[in-house]
Amino acid sequence: MTEDSGVQVASEPRPGRQGTVGRRFRRGLTGVLWALAGMLLTVLMWELVKLVGTIVSLPFTTSDQAMPHVWTMVQGFGQPEVRGSDTTVLQAVVSAAAYSLLVALGGFVIGVGVGLLLAIVMQRFAFMERGLLPFVIASQTVPLIALAPLITGIGNRISIGPIQWNTTYSVMFIAAYLAFFPMSVGALRGLQAPTATSLELMRSYAANPRQVLWKLRFPASLPYLVPAMKVSAAAAVVGTVVAEISTGVRGGIGRLIIEYARETTSQPAKVYVAVFGAIALGLVAAGLVTALDVYLTRNLPKESTA
Amino acid sequence: MSAAPTSTVAVQAAGVSKVFNEGLANEVTALQDIDLSVREGEFVSLIGPSGCGKSTLLRVIADLTHPTQGTIEVAGMPAAAAREQQRYGMAFQQAALFDWRTVRRNVELPLELQGWSKDRRQARAMELLEMVQLADFASHRPWELSGGMQQRVAIARSLAVDPPLLLMDEPFGALDEMTRERMQNELLRIREETGKSIIFVTHSIPEAVYLSDRVVVMSPRPGRITHVVPVDLGPRNEDTREADAFFDAVTAVREALRGHGGGTVRAKAGEV
Amino acid sequence: MGGRLRSVWPPLLIGFLFLAAWQLLVIVQDLKPYLLPAPSLIASNFFGDLGLMSSTAIYTGTTALLGLAFGTILGIVAALLAARFSIVNNIVTPLAAGLAAVPIIALTPILNNMFNITSRTPRVLVTVIIVFFPMFVNITRGLLQVQPVQLELMRSMNASPRTVLRILRIPNAVPFFFTGLKVAAPLAVIAALVAEYFGGPQEGLGSRIASSAANTAYGRAWAYVVASIILGLLFYLAVLAVERWTAPWVGHRRST
Chain C
562 MTEDSGVQVA SEPRPGRQGT VGRRFRRGLT GVLWALAGML LTVLMWELVK LVGTIVSLPF
622 TTSDQAMPHV WTMVQGFGQP EVRGSDTTVL QAVVSAAAYS LLVALGGFVI GVGVGLLLAI
682 VMQRFAFMER GLLPFVIASQ TVPLIALAPL ITGIGNRISI GPIQWNTTYS VMFIAAYLAF
742 FPMSVGALRG LQAPTATSLE LMRSYAANPR QVLWKLRFPA SLPYLVPAMK VSAAAAVVGT
802 VVAEISTGVR GGIGRLIIEY ARETTSQPAK VYVAVFGAIA LGLVAAGLVT ALDVYLTRNL
862 PKESTA
Chain E
9 MSAAPTSTVA VQAAGVSKVF NEGLANEVTA LQDIDLSVRE GEFVSLIGPS GCGKSTLLRV
69 IADLTHPTQG TIEVAGMPAA AAREQQRYGM AFQQAALFDW RTVRRNVELP LELQGWSKDR
129 RQARAMELLE MVQLADFASH RPWELSGGMQ QRVAIARSLA VDPPLLLMDE PFGALDEMTR
189 ERMQNELLRI REETGKSIIF VTHSIPEAVY LSDRVVVMSP RPGRITHVVP VDLGPRNEDT
249 READAFFDAV TAVREALRGH GGGTVRAKAG EV
Chain H
1341 MGGRLRSVWP PLLIGFLFLA AWQLLVIVQD LKPYLLPAPS LIASNFFGDL GLMSSTAIYT
1401 GTTALLGLAF GTILGIVAAL LAARFSIVNN IVTPLAAGLA AVPIIALTPI LNNMFNITSR
1461 TPRVLVTVII VFFPMFVNIT RGLLQVQPVQ LELMRSMNAS PRTVLRILRI PNAVPFFFTG
1521 LKVAAPLAVI AALVAEYFGG PQEGLGSRIA SSAANTAYGR AWAYVVASII LGLLFYLAVL
1581 AVERWTAPWV GHRRST
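So the sequences go chain by chain: C, E and H.
Residue numbers for the first sequence follow the numbering used here, beginning at 562 and rising by one.
Residue numbers for the second sequence follow the numbering used here, beginning at 9 and rising by one.
Residue numbers for the third sequence follow the numbering used here, beginning at 1341 and rising by one.
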């Protein structure tokens, strides 16, 4: 950038501390509005496809069982979960999604913690970095989720001290496992982010490694930690739902989707409500991480993290 | 020097103003009432502190942005027509080379856009690379070149369509001092060989003085021309940088730059 | 040469120590295979039926490849539209951002109902959707995030928007395309594999891992996991190879 382009920059004012929040909020709001427009468009397309399906034959079935009307789905929210039951489908889905969210959160916290620890170890000892990093990177490219059905085997058969292992821990374990990798790679990159100049400065102060870690490396790594955390959170949610599906653990949204999918002949809308629940679960998790992001990066210039 | 006045005018700006964010709270008057005329074959530098609008003035001349008021003529036609007919070449502080093209194909780019045949544009690109002494690097990628070499490629590219006018926006701003002086000599040599008119934006007083026939001094808020310092040092060579006349001209420009701040002005303001 | 050796032996050593410790743990603690089968048991299952392993991996790999191909094409088309018409960008980009954390794989049962569950189609489709978003987001970014000075240069050379797209934006998007593909290729394998957990044909890795585990053939189940890991690595390495070959300038310092 030419320094003199200050005049051009004037057409887009440099965000000050106050203007930034408002601008970010406004941009977020427009994003949400456009996303709503996109959803409306999807609904219209859905009904259009159903309409076309009644006239010409499409390569897939558009029957009310496979593709219920949008209003049928909406009604599905209020239907009783099973005939004569007091709980509605919506209530069942919300409680299942909340349960999955808790499991995912547990996995996320464990995964992020272990990921951070490993990053600190790899940063501190070059040999560990050279030895472990190839595996960490390779692990991101392989379908670890394939292990999910095998973890179920562990369920209920072991106990660690006073804690009786149950299959929910297996699900959390998978979520943590998936959340751990993006975190460790992002955190390592972040811890290595300080420039040689900053490190020399710390050395000139005769700072010990722990001081360098807390005063320099950790704060400097924030712009890397936050995106890594977003990826980790997404991985924890996807891991939780998929693990629930493949292990068949009760209580969560994954199992509910499988169960409801079997009931499409009697109540076609149910599975859709469950899928919406899974989507809402992902959005809530993303929202939580965004809130964390806003808190952690409150003192940083915003252009880079936008 | 080829500063001999000719009847034709390379660039004529009359009453040019540029206001960003007009009517908004963050309104900025980048240029106010600029009158400037550059003779054919003349070398004019624009100098001033950050925000004085010198880059904006260059962009208005290049028709990269439109003036809020006033008119610009380049080679006797409106700025837009001059851009469409490629009557100028442009170089920026960043070389802005395309990483995915070889050095030669970067120089060919403007010719490609003009629809030249492959043989013709290859020949022309090689001719230009020889002029900037980079013929040996024709098939290298830009990232294999040093900053000074990249900038020479960018200059070769700006000369590709053989325009009568070069617009240069701090092209040597990112180079170290030694490279910078070499590039200045090179630019003067190229100008000697081709007889181009050149408008050159810079932050550096010695650079402006060494290169130019006239130094246009600008001041910010609002951006306007405060002084025009004519420089008559004859043909330049390394001794010029040590000559008393050179230091006198540097002092004149420096005082013109201080002028708007309230200091004494002893600079001889030339006519615009 | 020495440098190369130095970068290769730490992971080899750590990998070997890890396997040895695993084997030792199983023997000393007398762990049952349902908890953790020994590496030797997994290896004997893997190499004992290499033909079945590869045909199973090829089934899932084909699903992943089809999904990756169609999802990538769709991503390219949508990104070109988004770069041209801001309304497409406005609608799809926030959707893509929101869906990043959503388990899209949960759509599989719906697609299973709409399409023939006994065919590969619903699995390919869910893979297409999962591949689409990272491809779209990255390619769009590459088309739009060109250096302002390069845009000014193009304008100074009187280039039309179409020329700018061809000469500047598309080449600029190539590294971004590969960044997206490096994310999408392993995702495609994961999607193809997990989609099998929702029922349908039983020929793929996901189905066979689940059924082997259900039949308490844990050594075999883990052998299929090894096959999935190899499949995922193959997809990733293939992307790296294509990138080296088609875009040798990627990963180098940008010229200023």
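Source of the hints: derived by calculation from the structure; they are not laboratory data.
Some hints could be false.
Every beta carbon over 12 Å from chain H, so not counted as near; a handful from chain E, in silico [unchecked claim]:
# : residue
1 : T37
2 : A88
3 : Q101
Footprint (simulated), chain C over chain H, 3 or more residues, beta carbon under 8 Å [stated by the list, open to error]:
# : region
4 : 1353-1360
5 : 1560-1567
Keep in mind that this is a model prediction, so the values were computed, not measured.
Virtual Cβ for every residue (Gly too), placed ideally from N, Cα, C.
A quick look at each hint next to the structure:
{"no.": "1", "hint": "T37", "verdict": "holds (22 Å)"}
{"no.": "2", "hint": "A88", "verdict": "violated (10 Å)"}
{"no.": "3", "hint": "Q101", "verdict": "violated (8 Å)"}
{"no.": "4", "hint": "1353-1360", "verdict": "holds (count 3)"}
{"no.": "5", "hint": "1560-1567", "verdict": "holds (count 4)"}
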